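Colleague: Each chain is listed here by its residues.
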Amino acid sequence: MIEAISLTKMYGTKKGVENISFKIDKGEIVGFLGPNGAGKTTTMRLLTGFLYPNDGDAYIERNSIIEKPLIARKYIGYLSENNPLYEDLKVKEYLDFRGRVKGLKGKELKNRIDYVVEKCEIRDVISKLTGSCSKGYRQRIGIADALINDPPILILDEPTQGLDPAQIYHTRELIKSLSVEHTVILSTHILSEVEAICSRVLLIQKGNLIFDGSLEEMKNAFKKNQVLDVTFLCDETKGREILSSIKKIDRFEKLQNEGEGGSSFVIYSLEGEDIREEIFWKCFEERIPILRLNEKKKSLEEAFLKIISEESKEEEIQ
Amino acid sequence: MNKLLAITKKELLHYFYSPMAYVVLWAFLLINGFLFYVILSALSKTASPPVSPLSIIFGGSFFFYLLTIVITVVVTMRLGAEERKQGTFETLLTSPISDFEIVMGKFLAAFIFYVVAWLFTLIYVFIVKAYQKDLDFGPIISSYLGTLLLGMFFISIGLFSSMISKNQIVSAVIATLIMTMLLGITFLEFISSGVTREIFHYFDILTIMDNFSKGIVDSRNLIYLLSGTAFFIALSEKSLEARRWQ
Amino acid sequence: MTSKRKRAMGGANWSLFVLLLIALFIIINYLSFRHFKTYDTTFSDEFSLSPQTKKFLKELKNDVEVYVLLPIGDVGYEKVSRLLDSFKVESKRIKVEYVDPERDKGRYEILLKKYQVTNPDSVVFVSGDRSRWVERDEFLEYEYSMFGEPPKMKGFKGENSFLNAMYDVVDPRKPVIYFTVGHGEKFDFDESGKGASFFKERLSKEGAVIKTLQTAGLKKVPDDASLVIVAGLNIPFTKEEEGVLERYYEEGGSLFLLIDPMFKEGNEIEFKDSGLEDLCKKYGLELQNDLVVDPEASLLEGRAQTFYGVDYSSHKITYDLMKNKYPILFTLARSLNIVDPQSSDFKCEKLISTSEKAWGETNLKELKNVKKDNEDYAGPLCLASLIENRKNEKSRMVVIGDSDIISDGTILSGLGGNTIFALNVVHYLVKMENRISIPPKQIKSSSIVLTSTQIVTNFIVVVIIYPLIFAILGVWVYFRRRR
Ligand SMILES: Nc1ncnc2c1ncn2[C@@H]1O[C@H](COP(=O)(O)OP(=O)(O)O)[C@@H](O)[C@H]1O
Ligand SMILES: [Mg+2]
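Chains as they are written, first to last, in the numbering used here: chain Y, 15 to 332; chain Z, 991 to 1236; chain W, 2 to 484.
Calculated directly from the structure, the hints in this document are not laboratory data. These figures come from a predicted structure and were not determined experimentally. Incorrect hints may appear among the rest.
Unchecked claim - Which residues of chain W face chain Z? A few of them, derived with a C-beta cut under 8 Å, are:
#1 41
#2 47
#3 107
#4 168
Cβ coordinates follow ideal geometry from the N, Cα and C atoms, glycine included.
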């Protein structure tokens, strides 16, 4: 349904996103998660054809967003981050315009306007100027616009940003109900939002896609276990023997030796355990020298920490 | 075509829902009306000079060019700059509508406004007709034709300026600059001679408007104005695509 | 197109696109500059070329170079360049160069010398080794006002003078025209051209060689004659003289007869014959002894024997005059009556007639107080007629019941139609009909005279009320939207 192949976008010499690939199937609700400035908006702009990538391509229902932009864009309803509206049009005029631009007309247009007005609960403001609507209404008008031509895919950039808790709740409910009929991609820098709505997460950091999987998998990946990179001066069997004898080790993998001799392993501890000391004493007992021992910090974890810390900061502010 | 017209309709709503359109129309008709009145009374006083009052309104005076520049700049300056400023390009350019449709829709809206403004000057024709029974309508028709073609050309310039500008003021300045330069060809023609002069003569808008106002429709004038319009429309369209690559 | 290729084109090559676009723009406009057409939307065809100019230009076989030696701001400059432009539309063989006497001084001096131009403001036409220059007075007509104001441009006769200049350089034939003498003719074509000097001068300018022909005792019209003109007789032709003309005509010659009503000497209340009655009758034309009076087309009230021809045929001689409503002035004319010719080889065609209200006064005693009665010929009356000879295509003849149409007095008091008409007839008769004269284009002045109340009303309506409507509309819309 949506396929991004090594999307890269540079803003001049500044990196927007780099080498992002993923595939999204029909019916999924996908969350783009990442701190501010990570490249979520950039990715969405590439998917919607607002920007063209410097490298790579994206296919919407097998239509390249560069080669067949009109067909590709037809499948997408897009709510952009700032949700700009034409302030001096009335809501109904605005929706009428947006419907026509997306190729609707006549009775069909009228029916769709009625439908999205009901669905997004904007009946009350239909005759007001969009410029005089409150933030909550504006967001719903934007979603109504995205929905107007009944596109199979909805791309929503930070749909709950700047809303109060009640409005956030309502918007999330609306998105959930839309996900029945539409494939939804939304972006957020709030982990709890992903937890609340999404079935799948794409974690973006500094322009790179660093994790793609279900919420469950992400949680597992974020467990606080220790990852070590060690090299023993012995053969592989001996190394395995030593490691198997340590209870606190969850699992380990043999690594390719990089010409220094001995055998290297990557070791995962059980959650919350520090196993460095135990490994030392064990090797000491066996008279096997340790050539190297590194603790690996995962970038995923870094990103996650950053998101968490930002989230808590934001909560403090509120 | 429907999508194009949707753009046109939206832009027309913008024009006529904002007081600016009426201010422009008011000023346009005030200046033209005053000009017309001055010409009429001048013609009644002295022994009639060999000019028609209408030919002065169409290109025969400095005011014509002033009005044409002002009105085309005012109707085009917000077309692109405002979308950029408000961020609405993002919704527009991600809709299933081609850049050409967007550009032409906007162009058409500005042109319709321009045509409407000039249509209101038909009242002068009726007044002259009432006083001058043997009025020749040929030059009047070609004058309107020339005015509309010049309008198309200037609107395409204004549209392009607006597409590449961050705000309306910048757009207005760029457009006015280009238009003034085009009118300045008259001066270049005046100071040159030989083939250069002939080339400048070809591009001289004052001569072109003079032809139209006298009743001469010259294929060279038509092609210059139309190809100029196409040139700037193509540039406008390209500038939209360039935004995506930037 | 792969997205890679498109990316390469769209991303960086915005400047290439602009270059291509500029190139396309230049090509289109270059072609338009080279190949163009103009359309004249004026109802009076103010800017259209006459059919014969178009025909001449279309059939042009040699290149014609045109040098416009006029300063750029000259009164005639714009008209001339517009006209030459429309020449260029018709023929690729016309090459025009504008040389400003001030700015291109060097080139200007060279051209003046080369083509021996003596009038500084001229247009020079060159084809092969022949050249002809046309000075400004030949293509512009002025109206001089009395109060020391600069002269106003009144008419533009460039089409005619340029066309003739081009004829001169591409087709330098010189017809020989004989005027008969020895019958007390009103005009003296020998030297000064007394009485018809303007006409004579025009004929010479068009390239004709003017000679006189003493018909008394003449056996045969000289072989070099392209045309014999009989104008303003007072003494009738003898039978022998008439016979010489008859033979000349039937053997393929051309005759132009301008025969006034003639009166008996000393007794000016009776008509007398011109001696050419039988000749005309043979071909189906009766010279009637009368004096045409046309009160409806008269120039001055109570002087109805001086009047304009009203009805013109669409024959090419009169076509342009008719179309441009160029009147031809007659004074003391006789009427012509078309009757059955002696042989069906001949056929008469009316060229000009009077109005219905005109009549031919036959009773000269009543001249003081003319009125129409039963003996008079009833209008409309034929004033000028053309005779065709089907047996000999070369024979051509035009008869007019008045010789004053070519007199200086008439030409001065008319509006130019007379000269054009007479020249057209001559061109037709010498078989150079493509040189038929084109009337000058009048420069229109539109006069609107308003009373002071009308001016005030206009001010109130056009300057105050009308624009105000839109201001009010604006305020109304603004508040409605706000609600
Ligand atoms: N128009 C732009 N010009 C230059 N840099 C930009 C532009 N838009 C985004 N960026 C940069 O690209 C990076 C990704 O931004 P963005 O996609 O907006 O992140 P997010 O939506 O995840 O907050 C940021 O560093 C940002 O500063
Ligand atoms: Mg963003």
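Colleague: Take the hints in turn and mark each one as holding or not.
Modeller: Evaluation of the provided hints:
1. 41: Since chain Z brings a Cβ to about 6 Å from residue 41 of chain W, closer than 8 Å, the hint holds.
2. 47: Check passed: Cβ of residue 47 of chain W comes within 6 Å of chain Z, closer than 8 Å.
3. 107: Result: violated, 12 Å to nearest chain Z Cβ.
4. 168: violated (26 Å)
Consistency with the previously given hints fails for numbers 3 and 4, ordered from lowest to highest.
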